[in-house]
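A.B. asks: Residue numbers (the numbering used here), protein chains in the order written: chain G, 1164 to 1506; chain C, 1164 to 1506.
Hints were generated in silico from the structure; no laboratory data involved. Computed from a prediction, not measured in an experiment: that's the story for all the values here. We put the CB at the ideal spot given by N, CA and C, even for glycine. Hints should not be assumed to be uniformly reliable.
As the list claims (entries may be wrong) - Pulled a few chain C residues facing chain G out of the computed Cβ check, cut under 7 Å: (1) Val1190; (2) Thr1192; (3) Asn1194; (4) Ile1198; (5) Val1217; (6) Met1261; (7) Ser1300; (8) Thr1482; (9) Ser1484; (10) Gly1487.
Protein chains: 2
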Amino acid sequence: MKKSENKIKSIEEIGKFGLISHIAENVKTGNKTTIKGIGDDSAIIDSGKNLTLVSTDLLLEGIHFNLIYTPLKHLGYKAVIRGISDIYAMNGTPGQVMIALGISSKFNLEQVEDFYEGISLACKKYHVDLVGGDITSSLTGMTIGVTSVGTVEKNKLVKRDGARANDLICVTGDFGASFMGLQLLERERKLFVREKVTQPDLAGFEYVIGKQLKPEFPVSTLTELRKEEITPTSMIDVTDGLASDLLQICRLSDTCCRIFYSKVPIDYETSRLAEEFNIDPMTPALNGGEDFELLFTIPLGQAGKIKMIESVKVIGHMTSSGSGNYIVGDDGSEVEIPAQGWK
Amino acid sequence: MKKSENKIKSIEEIGKFGLISHIAENVKTGNKTTIKGIGDDSAIIDSGKNLTLVSTDLLLEGIHFNLIYTPLKHLGYKAVIRGISDIYAMNGTPGQVMIALGISSKFNLEQVEDFYEGISLACKKYHVDLVGGDITSSLTGMTIGVTSVGTVEKNKLVKRDGARANDLICVTGDFGASFMGLQLLERERKLFVREKVTQPDLAGFEYVIGKQLKPEFPVSTLTELRKEEITPTSMIDVTDGLASDLLQICRLSDTCCRIFYSKVPIDYETSRLAEEFNIDPMTPALNGGEDFELLFTIPLGQAGKIKMIESVKVIGHMTSSGSGNYIVGDDGSEVEIPAQGWK
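For reference, chain G alone in the conformation it holds in the complex:
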């Protein structure tokens, strides 16, 4: 591996994506079954007629979830959603998941059962099989490793690097809800700790709480895209945040983008809650993450067709490389979309 020149660089300095790029630069692949390694939602492996997609994620206590307000059943459910969304994002069909679990010996059997019950529910709903994993004791909090496996026909594969200038930028659902749900849960937790409020006040915010604790994936949109014979030129699942994931596509496709402020779908609960917290709703929408929505691009020529699919909104278009990434206000003002660092 080529060593970096400045050895004492901290991880904060280089940032998560810088770190991944740096590692990826040094990695050479050699096996003829390896179609694509680091850099997309899933690795792509040639298995003869079709392609096998494999992805892996790590969910850590205190970073990805807080056991204080996350029921274990929901956590299991969400772990599966997280895994399979990487397969869907390549236009694939997930078939199997594996869960590696690290837990302290303080957990009891009922808790472990609740976690696996959530996994089972998600597996059933999305027609995937739990095919293995590992359970190990942990000294350092709960840890979940999710590996998912799927397949896609060779000519149906959609990667992150296929967007072209003038392509339309499309999304499903809405953005920022999961993040605001988390803020709300966190606020109520603090009230519980400080002021002994025993009943959290979550009324009227069921949607954002649901997006945070028990997200679903918009599989039906993929089905509709197939029905309308639209194959996206690029696609990603929005888990790091709309801005970050859009910029990933731009970077890998060598394009820039313009999206429109008023077109980014934001749910009413998200807006109302953002107002309570005194923040612009666009902030969680762009940078919140864990939306589990699809972000994809289609050729301009398919603008007519995409209107037929109600669950899809066009939020902007790709521009040529070097022209900058902007969010355009209603008054025509342009604000640059900042790249995200280490979170």
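Here the structure of chain G is known, so what remains is to put chain C in place on it, guided by the hints.
C.D. replies: Leaving out everything else, chain C in the frame of chain G:
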């Protein structure tokens, strides 16, 4: 999921293997590409002509490794060995690995590079490609998720459940070395802390230290087995301990076993160190774990052929179900092999 009757059972009570069995009982698979789910070294997925094998492991700081005496380069190397050994154990050929890494922001770039350099070295040596993963910040120690992918021809697959009574029990290498290497490192760490001894005394124990910090996998034995046209009836990689992994095969194959005390291969350094620590060398050999050796069974009729392979030792034979699992002493005495619990 069928709930357990006694909800308050702790994880210690039910044990790791009890927990996995309990979960596996409740899991139904439904996809026609799922050939085998939970219960073997890897999941088996039908990908047309061949089978795709996928396995996943979780390595946690304080449980699977201690950063005080584990160089990050070795840790990366060992993570790959751990991943691919699950594929080899099914008589498959590993092609790809994915590494999901959780680290605190205190790590610097050089450390992360060292870790990935170890991964690269192992990938190169074993001809596998690093094809992806994830890097995430961790509040709770270093966490490594290893996913490995491989293939095997349908008629070459070896599972854990194929052993039959009278089959010979075969192993590669020797046992207990990795465990004793760990004990030695731990002793020297304590001396360092308590008595400010700055230079650890590891001379003469290079083999056991090497088995602990930078294990290799006996791939050449698999090649020789193929050359001699021996297809094992069952196989497992020894990572949980010889006794534990042998009993896994017995349980899944519905057989019992007899192994011979004097036949279990133990390296001279392991014996010498066990003596220093006042323990019977058979204890680490049977229960130590992380040996990264192969344990497999072959039909009695292939006894002549197996003698041709120098790297393989026959340590006993399978017996019929219900006859108990024993280790036989030189004097003919029989001691039951105890099942292992939660570690």
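A.B. asks: It remains to establish, for every hint, whether it holds in the given structure.
C.D. replies: For each hint, the structure was consulted:
Interface restraint check for C:Val1190: the shortest CB-CB distance to chain G comes to about 5 Å, inside 7 Å, so the restraint holds. The closest approach between the C-beta of C:Thr1192 and any C-beta of chain G is roughly 4 Å, which is under the 7 Å cut-off, so the hint is satisfied. Of the supplied interface hints, the one on C:Asn1194 holds, with its beta-carbon coming within about 5 Å of a beta-carbon of chain G, less than 7 Å. Taken as an interface hint, C:Ile1198 does not check out: its beta carbon lies about 9 Å from the nearest beta carbon of chain G, beyond 7 Å.
With 7 Å as the threshold, the beta carbon of C:Val1217 comes within range of chain G, its nearest partner Cβ sitting at about 6 Å, so the hint holds. Among the interface hints, the one on C:Met1261 holds; its C-beta lies about 5 Å from the nearest C-beta in chain G, closer than the 7 Å criterion. The interface hint given for C:Ser1300 is met, as the beta carbon of that residue sits about 6 Å from the closest beta carbon of chain G, less than 7 Å. A cut of 7 Å between beta carbons decides the hint on C:Thr1482: the least distance to chain G is about 29 Å, and the hint is violated.
Violation of the interface hint for C:Ser1484 is found here, the shortest Cβ-Cβ separation to chain G being roughly 25 Å, above the 7 Å cut-off. Taking 7 Å as the C-beta contact cut-off toward chain G, the hint placing C:Gly1487 at the interface is violated, the least distance being around 28 Å.
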